[in-house]
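J.: So you can see what is in the structure, the chains are spelled out below.
2 protein chains.
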Amino acid sequence: MNLEEKTIEEDLKYEGSFIKVIKQVVKLPNGNTSTRDIVRHPGGVAVAALFDDDTILLVEQYRKPIDKVTLELPAGKRENGEDPKICGIRELEEETGLKAEKFEFLGKIAISPGFCDEYIYLYKAEGLYKGQINRDDDEFINVKKIKITEFKEMIRRGEITDAKTIAVLSYLEI
Amino acid sequence: MNLEEKTIEEDLKYEGSFIKVIKQVVKLPNGNTSTRDIVRHPGGVAVAALFDDDTILLVEQYRKPIDKVTLELPAGKRENGEDPKICGIRELEEETGLKAEKFEFLGKIAISPGFCDEYIYLYKAEGLYKGQINRDDDEFINVKKIKITEFKEMIRRGEITDAKTIAVLSYLEI
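Protein sequence lines correspond, in order, to chains A and B.
Residue 1115 in the numbering used here sits at position 69 of the first sequence, and the numbers go up by one each step.
Residue 1067 in the numbering used here sits at position 21 of the second sequence, and the numbers go up by one each step.
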């Protein structure tokens, strides 16, 4: 069965500082029409920075949409279609002050493809050394170094809930 | 450091069929103000349905926001704050026609907490038996049974990109 939906019309409903919201009328595989609300997002990059002592670097930050302090991979949005690897190297240094000798692509994940086009590119960084912290004006972060065994326990206990941070473990283990 | 941001004001910018978009003015930890675009989403449930022959059930469907046919866990949105377990049992049967003797909570994931409040509750279903398919009018799906070894290979090769479907592997392995 051909599953595709064709766009009949689309309307820009909201344009924020980085997201756009679009409402589409689509033609379904059976010929009927339906509507789709779509959030356009520039996408981003997240980095599993691993040290030789079996620890991983995570950043603690407040996330307004869920009103919680989370532990997540260092990450950031891509700026104007920036190369994801360059974006990852930049974000890692800006947020944590670290550079990496090895920066390896793990995979890209579609964060919620039912309504949003955001992809996050995941990288593994090793051979870490000191660079220069340079955070955005509205970015407040605590950097934490956590044992991989404890990282897994925190996921199992529900203390880490961020999807990209949990997904990266799948790539590290397969 | 206290990382929290306080809401100073908020404006509803768009209300779609299931998402709402809100623009907030917030007070940052350093006393300055900034704005946050937030997408409110009802959240959902996704199910890793596992058979005794080391296979997992995935659904193939077209995702308009990324214009791609994806392979994902059977999943669905929560209706009006519905209990996630009941939602998962319902969505699994509606999408795939299967019921489960065992339905176990794995964890909940915040899909993109930088701009969206969507949580997906992940479950593991075992002891599968035949129920009744009952799909939404605008839902077109092919159900696939895939070996776990092949499932991992497909993630590694970048053929599976859906975040919840990749994240679930972390819970199954830890």
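The hints are simulated quantities; they were obtained by calculation from the structure and are not laboratory data.
Be aware that a few hints might be false.
Identical copies carry no separate label here, and so any pair may be met within one copy or between two of them.
As the list claims (entries may be wrong) - Taking lysine-lysine pairs in the DSS-like style, the calculated list, with each CA pair at most 30 Å apart, reads:
id : residue 1 : residue 2
1  : K1176     : K1148
2  : K1066     : K1176
3  : K1190     : K1052
4  : K1123     : K1198
5  : K1110     : K1154
6  : K1198     : K1073
7  : K1190     : K1059
8  : K1052     : K1191
9  : K1110     : K1052
10 : K1069     : K1170
11 : K1191     : K1073
12 : K1190     : K1073
13 : K1198     : K1131
14 : K1110     : K1059
15 : K1073     : K1110
16 : K1148     : K1052
17 : K1148     : K1110
18 : K1073     : K1114
19 : K1073     : K1193
20 : K1145     : K1059
21 : K1052     : K1114
22 : K1193     : K1069
23 : K1131     : K1073
24 : K1066     : K1148
25 : K1176     : K1052
26 : K1059     : K1114
27 : K1059     : K1191
28 : K1069     : K1176
29 : K1073     : K1052
30 : K1110     : K1198
J.: Hint by hint, say whether it matches the structure.
T.: Each hint tested on the structure:
Only within a single protomer do K1176 and K1148 lie at most 30 Å apart by alpha-carbon distance; the minimum there is 14 Å, versus 49 Å between protomers. In this assembly of identical chains, K1066 and K1176 lie within 30 Å of each other by CA distance neither inside one copy nor across copies; the values are 37 Å within and 42 Å between. Within a single copy, K1190 and K1052 get their C-alpha atoms only as close as 46 Å, which misses the 30 Å cut-off; across copies the closest is 24 Å, which meets it. For the identical chains of this complex, K1123 and K1198 are neighbours both inside a copy (26 Å) and across copies (27 Å), given an alpha-carbon limit of 30 Å.
Within a single copy, K1110 and K1154 get their C-alpha atoms as close as 25 Å, and across copies as close as 18 Å, so both meet the 30 Å cut-off. In this assembly of identical chains, K1198 and K1073 lie within 30 Å of each other by CA distance neither inside one copy nor across copies; the values are 44 Å within and 34 Å between. In the homo-oligomer, the alpha carbons of K1190 and K1059 never lie at most 30 Å apart, since the shortest distance is 39 Å inside one protomer and 36 Å across protomers. For the identical chains of this complex, K1052 and K1191 are inter-copy neighbours only, at 28 Å across copies versus 47 Å inside a copy, given an alpha-carbon limit of 30 Å.
In this assembly of identical chains, K1110 and K1052 lie within 30 Å of each other by CA distance solely across copies; the values are 9 Å between and 35 Å within a copy. In this assembly of identical chains, the alpha carbons of K1069 and K1170 never lie at most 30 Å apart, being 36 Å within a copy and 34 Å across copies at closest. In this homomeric assembly, K1191 and K1073 come within 30 Å of each other (Cα to Cα) only across copies, at 28 Å, whereas the closest approach inside a single copy is 49 Å. For the identical chains of this complex, K1190 and K1073 are inter-copy neighbours only, at 25 Å across copies versus 48 Å inside a copy, given an alpha-carbon limit of 30 Å.
When the C-alpha separation of K1198 and K1131 is checked against a cutoff of 30 Å, the pair qualifies both within a copy, at 26 Å, and between copies, at 24 Å. Within a single copy, K1110 and K1059 get their C-alpha atoms as close as 22 Å, and across copies as close as 17 Å, so both meet the 30 Å cut-off. In this homomeric assembly, K1073 and K1110 come within 30 Å of each other (Cα to Cα) only across copies, at 11 Å, whereas the closest approach inside a single copy is 36 Å. With identical chains, the CA atoms of K1148 and K1052 are never at most 30 Å apart, being 42 Å at best within one copy and 39 Å at best between copies.
Proximity of K1148 to K1110 under the C-alpha cut-off of 30 Å is found in neither arrangement, the shortest distances being 33 Å within a copy and 36 Å between copies. Taking the shortest alpha-carbon separations for K1073 and K1114, only the inter-copy value of 15 Å comes in at or below 30 Å, while the best intra-copy value is 39 Å. In this assembly of identical chains, the alpha carbons of K1073 and K1193 never lie at most 30 Å apart, being 50 Å within a copy and 34 Å across copies at closest. In this assembly of identical chains, K1145 and K1059 lie within 30 Å of each other by CA distance neither inside one copy nor across copies; the values are 40 Å within and 40 Å between.
Taking identical chains as interchangeable, the C-alpha atoms of K1052 and K1114 lie at most 30 Å apart only when they sit on different chains, with a minimum of 12 Å there against 38 Å within one chain. In this assembly of identical chains, the alpha carbons of K1193 and K1069 never lie at most 30 Å apart, being 44 Å within a copy and 37 Å across copies at closest. Taking the shortest Cα distances, K1131 and K1073 never come within 30 Å of each other, neither inside one copy (37 Å) nor across copies (32 Å). For a Cα distance limit of 30 Å, the shortest separation of K1066 from K1148 qualifies neither inside one copy, at 35 Å, nor across copies, at 41 Å.
In this homomeric assembly, K1176 and K1052 never come within 30 Å of each other (Cα to Cα): the closest approach is 50 Å inside a single copy and 33 Å across copies. Proximity of K1059 and K1114 under a CA criterion of 30 Å is satisfied in both settings, with 28 Å inside one chain copy and 23 Å between copies. Proximity of K1059 to K1191 under the C-alpha cut-off of 30 Å is found in neither arrangement, the shortest distances being 42 Å within a copy and 39 Å between copies. Neither within a single protomer nor between protomers do K1069 and K1176 lie at most 30 Å apart by alpha-carbon distance, with minima of 46 Å and 37 Å respectively.
Taking identical chains as interchangeable, the C-alpha atoms of K1073 and K1052 lie at most 30 Å apart only when both belong to the same chain, with a minimum of 5 Å there against 43 Å between chains. Within a single copy, K1110 and K1198 get their C-alpha atoms as close as 25 Å, which meets the 30 Å cut-off; across copies the closest is 34 Å, which misses it.
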